[in-house]
Amino acid sequence: MMRTRFQQGLDDLRSRLLRMGGLAEQAVDRACQAYIDRDLSRCQLVLEDESQINAAERDIDELAFDLLALQQPAAVDLRFILAVTKINSDLERVGDQAVNIAERVMDMVELPKADLPIDIARMAAAVSAMVRRSLESFIEGKAELAQAVLEMDNVVDRMRDEAFITLVKTMNDRPEVTRQALDALLIARNLERVADHATNIAEDVIFWVRGADVRHNVPQEIPAAQPAGDTR
Amino acid sequence: MGVGIKVEKLNAWFGKTQALHEITMEAPANHATAVIGPSGCGKSTFVRCLNRMHETIPDAKAEGRVMIGDLDVYNGTSPVQIRRRIGMVFQKPNPFPTMSIYDNVAAGLKLNGFHDRRKLNEIVEHSLKVAALWDEVKDTLHKKSGASLSGGQQQRLCIARALAVQPEVLLMDEPCSALDPISTGKIEELIFQLKEDFTIVIVTHNMQQASRVAEFTGFFLLGRLIEFDKTEKIFTTPSDKRTEDYVTGRFG
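These protein sequence lines are chains A and B, in that order. So the first sequence is numbered by my numbering: it starts at 5 and just counts up by one. So the second sequence is numbered by my numbering: it starts at 669 and just counts up by one.
Honestly, the hints are just simulated from the structure, not real lab data. One should not assume that every hint holds.
To be verified - With a Cα cut of at most 25 Å, we get these calculated DSS-like pairs of lysine-lysine:
| hint | chain 1 | residue 1 | chain 2 | residue 2 |
| --- | --- | --- | --- | --- |
| 1 | B | K901 | B | K677 |
| 2 | B | K898 | B | K677 |
| 3 | A | K146 | B | K901 |
| 4 | B | K797 | B | K854 |
| 5 | B | K760 | B | K811 |
| 6 | B | K909 | A | K146 |
| 7 | B | K863 | B | K797 |
| 8 | A | K90 | B | K797 |
Unchecked claim - The calculated label-pair distances, taken between Cβ atoms and stated as ranges, are:
| hint | chain 1 | residue 1 | chain 2 | residue 2 | range |
| --- | --- | --- | --- | --- | --- |
| 9 | A | K90 | B | T766 | 54 to 64 Å |
| 10 | A | D217 | B | A846 | 38 to 48 Å |
| 11 | A | S19 | B | K729 | 49 to 59 Å |
| 12 | A | G26 | B | G853 | 36 to 46 Å |
| 13 | B | E723 | A | D65 | 53 to 63 Å |
| 14 | B | T766 | A | D65 | 30 to 40 Å |
| 15 | B | N743 | A | A152 | 37 to 47 Å |
| 16 | B | D803 | A | D70 | 21 to 31 Å |
| 17 | A | E148 | B | E804 | 55 to 65 Å |
| 18 | A | D65 | B | L779 | 52 to 62 Å |
| 19 | B | E804 | A | S55 | 51 to 61 Å |
| 20 | B | K684 | A | K90 | 33 to 43 Å |
| 21 | B | N679 | A | E148 | 40 to 50 Å |
| 22 | B | S816 | A | D70 | 54 to 64 Å |
Built from N, CA and C at the ideal position, the CB exists for glycine as well.
All chains, please: the whole structure from these sequences, using the hints.
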């Protein structure tokens, strides 16, 4: 007996989350490109992306809530829906971080251009890769892909730490660019937060596929990979 | 107090058809253990082997080891002795239709030669209270027959009847399948309370019911025990793909 309507609901939930993931990924990319090009029009697009992301978040939560209430899912289906609700929340926050970056860019554009010792483009590429791979691990239902995302988080953390040290030094050495350096520092901090959300998404994928809770680096025996059923 | 149930290599047949294959599992004392699985998987046969009711069917037989506490069910114990220690509640409430509510509850004790009226009154009242039926029937104990009660009340009457003989184990074979949600809720609440004094094994088709009332769950398929674990494990991260397919409704 296949629960066709339930399966359709799960498929619908997955497609909506993927659309939202695409929007969140696009918002981060646009915000970073806006920084690189000092482009106010891109900043505006990021703000527009955010309202779509917020609407998507509500839709996904509503559908997940209906499926939980009406279908009483269990096992892999229950884990899938719980993972989706958490990923949903993380993607919405990714959208918020993109908005924060866009706002900092809008501030920077008002100021004279300053040459700063920080490679935001490189950091943005690493963070985008994490978001993309975490979403790929969700699409594929593969815990191995998600695991790789967790390992990338340390790289971004190091980039943020380096940015902090060099930008604080810049503020001391060249007080005239303090505001620009502070904006760049905040952008590095925003990007690092996006990486944290990508990590959360990857952890949720591992929870869905393997039923293992790997959050907060708590050692746990991860069960062998199992087919994730039709919710994949 | 309830006692633990240990089953080792239990096999059962209907004529030449084997219905249970090498079942080994334990139902811990003072806990509820649910037995789930699709129709025909052997779950009812399994519980009927625990109190030797299976063998009452012509050509049916069972082999293996079943321990109810220190009682060896298939080795030197009479079925009557066993059924005194194991109460059973069935899918359809089956009160004795011509007996009053009081006599329904007292029937088992009277059959065992128990006739102390004062003590009987105490036990009937206590059993009906434990079965959460006392307040609804205390004024009509002798006036109304068991059959005059609603379905949910009849099932609680059957539970009171089973409890009156003071068993250690209570077997329930789909006790709520004929009941509405309110009556089902009352029986489930009752199961939760009864665990303090009894060991409960419940067969159910309703997986939400298993997840609500039982600490342990065994999944049966084609006469075999596929997986036995804590209920939350079975319903969140089962180890066997077949269990997962069943609890997620992909078959069964």
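**Asked** Is 54 to 64 Å right for how far apart the beta carbons of S816(B) and D70(A) are?
**Response** violated (42 Å)
**Message:** Does the beta carbon distance between D65(A) and L779(B) stay inside 52 to 62 Å, or does it fall outside?
**Reply:** holds (59 Å)
**Prompt:** Taking 25 Å as the top limit, are the C-alpha atoms of K863(B) and K797(B) close enough?
**Reply:** Holds. K863(B) to K797(B) sits at ~15 Å (cutoff 25 Å).
**Message:** So if I understand the rule, the pair passes when the alpha-carbon distance is 25 Å or less; does K90(A) with K797(B) pass?
**Reply:** violated (45 Å)
**Asked** How does the Cβ-Cβ distance of K90(A) and T766(B) compare with 54 to 64 Å: does it lie in that range?
**Response** holds (59 Å)
**Message:** For K898(B) and K677(B), compute the direct alpha-carbon distance and say whether it is at most 25 Å.
**Reply:** This hinted pair holds, its Cα atoms lying about 21 Å apart.
**Request:** Starting from the hint 49 to 59 Å, judge whether the C-beta atoms of S19(A) and K729(B) obey it.
**Result:** Holds, since S19(A) and K729(B) (Cβ atoms, about 55 Å apart) stay within the stated range.
**Request:** Go ahead and decide if the range 55 to 65 Å is satisfied by the Cβ distance of E148(A) to E804(B).
**Result:** holds (59 Å)
**Item:** E804(B) versus S55(A) beta-carbon gap, inside 51 to 61 Å or not
**Value:** holds (57 Å)
**Message:** Range first: 30 to 40 Å. Now tell me if the beta carbons of T766(B) and D65(A) are that far apart.
**Reply:** violated (57 Å)
**Request:** Could you say whether the range 33 to 43 Å given as a hint is met by the Cβ separation of K684(B) and K90(A)?
**Result:** violated (53 Å)
**Message:** Looking only at beta-carbon atoms, does the pair N679(B), E148(A) fall within the given range of 40 to 50 Å?
**Reply:** Given range 40 to 50 Å: holds, Cβ gap about 42 Å.
Going down the numbered hints, you'll see the structure goes against 8, 14, 15, 16, 20, 22, while the others check out.
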